[in-house]
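2 protein chains.
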Amino acid sequence: MINESVREEFQKIVGDDGLYDHEEALVSYSYDAFTFEGMPEVVLFPKTTKEVSAIMKVASRENIPVTARGAGTNLTGGSVPARGGIVLVLTKMNKIIEIDKENRTATMEPGVINMDFQKELTKYNLFFPPDPASMAIATMGGNVAENAGGPRAVKYGVMKDYLLGLEVVLASGDVMMTGRKTMKNVTGYNLTQLFCGSEGTLGIITKIIVKLIPPPETRRTLQVAFKDLDDAGRISTMIFDGGILPVALELLDNIFVNIIEDYAHVGLPKEAEALVLIEVDGPEVAVEAQVEKIHQMCEELDALDIKVARTAEENDEIWKARRSAYGAEAQLRPTAIAEDCTVPVAQLVPMFREVAKIAKKYDLLIPIVAHAGDGNLHPQILTDIRDKEEMKRVEKAIDEISAKSVELGGTLTGEHGIGIAKVGVLPMEIGEVGIAVTKAIKNALDPQNILNPDKIVQMN
Amino acid sequence: MINESVREEFQKIVGDDGLYDHEEALVSYSYDAFTFEGMPEVVLFPKTTKEVSAIMKVASRENIPVTARGAGTNLTGGSVPARGGIVLVLTKMNKIIEIDKENRTATMEPGVINMDFQKELTKYNLFFPPDPASMAIATMGGNVAENAGGPRAVKYGVMKDYLLGLEVVLASGDVMMTGRKTMKNVTGYNLTQLFCGSEGTLGIITKIIVKLIPPPETRRTLQVAFKDLDDAGRISTMIFDGGILPVALELLDNIFVNIIEDYAHVGLPKEAEALVLIEVDGPEVAVEAQVEKIHQMCEELDALDIKVARTAEENDEIWKARRSAYGAEAQLRPTAIAEDCTVPVAQLVPMFREVAKIAKKYDLLIPIVAHAGDGNLHPQILTDIRDKEEMKRVEKAIDEISAKSVELGGTLTGEHGIGIAKVGVLPMEIGEVGIAVTKAIKNALDPQNILNPDKIVQMN
Chain A
1 MINESVREEF
11 QKIVGDDGLY
21 DHEEALVSYS
31 YDAFTFEGMP
41 EVVLFPKTTK
51 EVSAIMKVAS
61 RENIPVTARG
71 AGTNLTGGSV
81 PARGGIVLVL
91 TKMNKIIEID
101 KENRTATMEP
111 GVINMDFQKE
121 LTKYNLFFPP
131 DPASMAIATM
141 GGNVAENAGG
151 PRAVKYGVMK
161 DYLLGLEVVL
171 ASGDVMMTGR
181 KTMKNVTGYN
191 LTQLFCGSEG
201 TLGIITKIIV
211 KLIPPPETRR
221 TLQVAFKDLD
231 DAGRISTMIF
241 DGGILPVALE
251 LLDNIFVNII
261 EDYAHVGLPK
271 EAEALVLIEV
281 DGPEVAVEAQ
291 VEKIHQMCEE
301 LDALDIKVAR
311 TAEENDEIWK
321 ARRSAYGAEA
331 QLRPTAIAED
341 CTVPVAQLVP
351 MFREVAKIAK
361 KYDLLIPIVA
371 HAGDGNLHPQ
381 ILTDIRDKEE
391 MKRVEKAIDE
401 ISAKSVELGG
411 TLTGEHGIGI
421 AKVGVLPMEI
431 GEVGIAVTKA
441 IKNALDPQNI
451 LNPDKIVQMN
Chain B
461 MINESVREEF
471 QKIVGDDGLY
481 DHEEALVSYS
491 YDAFTFEGMP
501 EVVLFPKTTK
511 EVSAIMKVAS
521 RENIPVTARG
531 AGTNLTGGSV
541 PARGGIVLVL
551 TKMNKIIEID
561 KENRTATMEP
571 GVINMDFQKE
581 LTKYNLFFPP
591 DPASMAIATM
601 GGNVAENAGG
611 PRAVKYGVMK
621 DYLLGLEVVL
631 ASGDVMMTGR
641 KTMKNVTGYN
651 LTQLFCGSEG
661 TLGIITKIIV
671 KLIPPPETRR
681 TLQVAFKDLD
691 DAGRISTMIF
701 DGGILPVALE
711 LLDNIFVNII
721 EDYAHVGLPK
731 EAEALVLIEV
741 DGPEVAVEAQ
751 VEKIHQMCEE
761 LDALDIKVAR
771 TAEENDEIWK
781 ARRSAYGAEA
791 QLRPTAIAED
801 CTVPVAQLVP
811 MFREVAKIAK
821 KYDLLIPIVA
831 HAGDGNLHPQ
841 ILTDIRDKEE
851 MKRVEKAIDE
861 ISAKSVELGG
871 TLTGEHGIGI
881 AKVGVLPMEI
891 GEVGIAVTKA
901 IKNALDPQNI
911 LNPDKIVQMN
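Chains as they are written, first to last, in my numbering: chain A, 1 to 460; chain B, 461 to 920.
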């Protein structure tokens, strides 16, 4: 419970426009993009690291839970205050502190929106690849806390691969800097990587240093429809075996092809079991040759339809179909739960089939979109959260999808995190010893369990 | 102290050919490639994870320090048994368990030698980029424990960037698997990255899963000599600004140019303040254009000499000069201490000048070779460990180089680790809070402080 005098302390730290605790505010920050809800007692908007530190000092003294949050696009309930207390919204700490062209680094506050940052970089002819689907609104702090990925991860990797350093406010309020503006660093434990993906359970990220790379000279996209799902697996293997490392290799199943076509009328062949999007980038001459090579491979596999973008506009046109998937599915059912598992790439097509079996078993509609190039599937469970009976089947289906992914050598989550959604199944992947180590680390850094409690692992 | 009955337990675990404690063996494992020495009581060669686990169970029961070790190429004393006890040599666990072409992963034991692994991969047309200078003898386990880098890190990153998972034996003897054969994974804390670079202080690595990429179609190297050191900084900026991400960009100073030329007679211009090696790779057509572009840039800067390799043999010829640096320096003085600091790339040339000033101040010979593309300098302190007076000056010089690197926004170590060499200066970079967090994590995973004690951080 936050009593009046503690509330006043917080008010003094964040100022008049930094504290909200009227009903509408509390409700607004009680949920994220997942189905789980939790009501906070107060919502705080700090503007500086000093304020975050002061808040954490009071929170730890008073034993108040603190859930950090950016735009709340989290898909596993990671930004929901499971035990009430404080929601710490970092969106007002949204300055790009520095884009250092010479050193190819950028330093920023956690509230910077991914896409704003990417746009700013184009002025410097620099490139930051991580591109989660939510990038138009998601914050960089959230992207770090979740170790966000995106389609471009196949060639360019995910957030962790660009992270050079972090400023972190610990549970105690102490401030720590990890890493520096250097391309290499092996000084001590890799605390930067420990905090990346820790979902706000170990500390509050208040500053981020990332590395940047030169942008590719050009990029080109192919959209290919196959009659047979297996051909999607084949084309993936052929591309990599052909020495081509694509930027992105996306796969949509037949259900999605139909949902999108009915919604957007982009001319997709509705009999296609697989729609594959392939993006390559690099120097003009090399890209041209790669597109040619991939085109030929698709013909060898008797693709139903091959579309090659010749211009940037045509490129965008192709990606529009992929991006409209989430809008299209929303027309069908009120709730979409974005599942997220990653299997070894050779298990991608088998995993598609397993998900289809599970959907049939529980009589659910589960179209799948996948970052096929890295084996990351997003089965979209289309349902209605108000339908209690159906939600029971949904829960069973999710657990079965998780179990099957682990059984096929895969992981519970490729880019959405454990959050609160998968706390129960965590032991399935990391085992008892892994759970013990996770708890030991959590306990070492947050002995009172006030940082985003009940996420990743259940402490008490 | 390891008494007779404990010795027998170990003997039983590792078998007749797995335990050595005669004088010659103990001396052989009392040192690595750094100057510090420590005498073990026993040297054990386990052959399986089960044996490692059994050893750790006895060691933790008996409170015996355990220092894991591969080939002992560590340059900061990381593999020296500072408090005696057990040296755990993992070179007999040297099987490549699997090269999974379809999933582009490999799984291996820690004793596999980096170069053997790389050679094996060529049969599968796959590529593993990390290439530390010691790769011909260094083990993959050591490479993981140190998060090893190498010249190719500019474009391809270091060990951590290829690591998908680890099997680790904890201090207690418990066995944990982190990660899986998937390209993405955000299940729980990133324990894989916490163990990578932890220098054997948190657990014993017994299995390694790495990702692999398609090899580049072709690679080409340029060797360029500049009259002026500043031009080395300029060419680096020009290359990146020109949208080229080189594989490697190495820089040798004038002292090294002379040492190598006197030793190997390869025709280097002895007046050159900087010798720059640039490697680019990719599709043939693109590489050809990049080489042309870089050649032109070098001419604009009035390079003294430009050599372009036209064949794989000529490529190797150029790299021979770089590789002969360590052999050549050994002719001059009996001891070479390979310093290792990394600064933001724009501070590379200033840091070269600072090292030269420090060398002059302490009347020492310190040629520098650098992975210039990522700001990683290796000042080679040429000295004689038996000369007590000179070694005092060497120690002061090392501390000043460390301090200067941190002052310029750099780091204490880019790829050699903290080991025992830099325990004293660690707070300079990570601060008191960083030390406290480091100790908390160490204590959480190794409460008895038996895993490679006195490395990275001093616990008690």
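No wet-lab data here; the hints were simulated from the structure. Don't take every hint at face value.
DMTMM-like mimics (lysine to aspartate or glutamate), calculated; alpha carbons at most 20 Å apart, straight line [what the hints assert, rightly or not]: (1) B:LYS671 <-> A:GLU98; (2) B:LYS561 <-> A:GLU432; (3) A:LYS293 <-> A:GLU261; (4) A:LYS119 <-> B:GLU892; (5) A:LYS50 <-> B:GLU892; (6) A:LYS270 <-> A:ASP241; (7) B:LYS510 <-> A:GLU432; (8) B:LYS820 <-> B:GLU855; (9) B:LYS687 <-> B:ASP621; (10) A:LYS101 <-> B:ASP690; (11) A:LYS293 <-> B:GLU522; (12) A:LYS211 <-> B:ASP634; (13) A:LYS123 <-> B:ASP701; (14) A:LYS320 <-> A:ASP262; (15) A:LYS439 <-> B:ASP634; (16) A:LYS211 <-> B:GLU855.
These stretches of chain B come out as covered by chain A in the derived footprint (C-beta under 8 Å, 3 or more residues) [what the hints assert, rightly or not]: (17) 465 to 477; (18) 679 to 692; (19) 758 to 767; (20) 808 to 815; (21) 839 to 847; (22) 861 to 875.
In this text, a Cβ means the ideal position worked out from N, Cα and C, and glycines have one as well.
Here is what the structure says about each hint:
Straight-line distance between C-alpha atoms of LYS671 (chain B) and GLU98 (chain A) comes to about 33 Å, which puts the hinted pair past the 20 Å bound. Under the criterion of a C-alpha separation no larger than 20 Å, the hint pairing LYS561 (chain B) with GLU432 (chain A) is inconsistent with the structure, at around 31 Å. Between the alpha carbons of LYS293 (chain A) and GLU261 (chain A) the distance comes to roughly 28 Å, so the proposed pair goes past 20 Å and is violated. This hinted pair does not check out: LYS119 (chain A) and GLU892 (chain B) have alpha carbons roughly 37 Å apart, beyond 20 Å.
Pair hint LYS50 (chain A) plus GLU892 (chain B) holds up; C-alpha atoms about 18 Å apart against a cutoff of 20 Å. Under the criterion of a C-alpha separation no larger than 20 Å, the hint pairing LYS270 (chain A) with ASP241 (chain A) is inconsistent with the structure, at around 29 Å. Of the supplied pair hints, the one linking LYS510 (chain B) and GLU432 (chain A) holds, its CA atoms being roughly 18 Å apart against a limit of 20 Å. Of the pairs offered as hints, the one joining LYS820 (chain B) and GLU855 (chain B) holds, with about 14 Å between alpha carbons and a cut-off of 20 Å not exceeded.
Between the alpha carbons of LYS687 (chain B) and ASP621 (chain B) the distance comes to roughly 36 Å, so the proposed pair goes past 20 Å and is violated. With a CA separation close to 18 Å, the supplied pair LYS101 (chain A) and ASP690 (chain B) stays within the 20 Å bound. Between LYS293 (chain A) and GLU522 (chain B), the direct Cα distance comes to roughly 62 Å. Violation of the 20 Å bound is thereby established for this hinted pair. Of the supplied pair hints, the one linking LYS211 (chain A) and ASP634 (chain B) is violated, its CA atoms being roughly 37 Å apart against a limit of 20 Å.
A distance of roughly 13 Å separates the Cα atoms of LYS123 (chain A) and ASP701 (chain B); the hinted pair therefore holds under the 20 Å criterion. Simply put, LYS320 (chain A) and ASP262 (chain A) have alpha-carbon atoms about 14 Å apart, close enough for the 20 Å limit, and the pair holds. At most 20 Å may separate the alpha-carbon atoms for a hinted pair to count; LYS439 (chain A) and ASP634 (chain B) meet this at roughly 15 Å. Distance restraint check for LYS211 (chain A) and GLU855 (chain B): the Cα-Cα separation of roughly 33 Å exceeds the 20 Å cut-off, and the hinted pair is therefore not satisfied.
Proximity of the region 465 to 477 of chain B to chain A, defined as three or more residues with a beta carbon under 8 Å from a beta carbon of that chain, is not established by the 0 residues found. Note: the region 679 to 692 of chain B has 0 residues with beta-carbon separation from chain A under 8 Å; the three-residue rule is not met and the coverage is violated. Judged by the Cβ-Cβ criterion of 8 Å, the region 758 to 767 of chain B is not covered by chain A as claimed, because only 0 of its residues qualify and three are needed. Counting residues of the region 808 to 815 of chain B whose beta carbon lies closer than 8 Å to any beta carbon of chain A gives 0, which falls short of the minimum of three for the stated coverage.
Note: the region 839 to 847 of chain B has 0 residues with beta-carbon separation from chain A under 8 Å; the three-residue rule is not met and the coverage is violated. Only residues whose beta carbon comes within less than 8 Å of a beta carbon in chain A count, and the region 861 to 875 of chain B has 7; three or more means the coverage holds.
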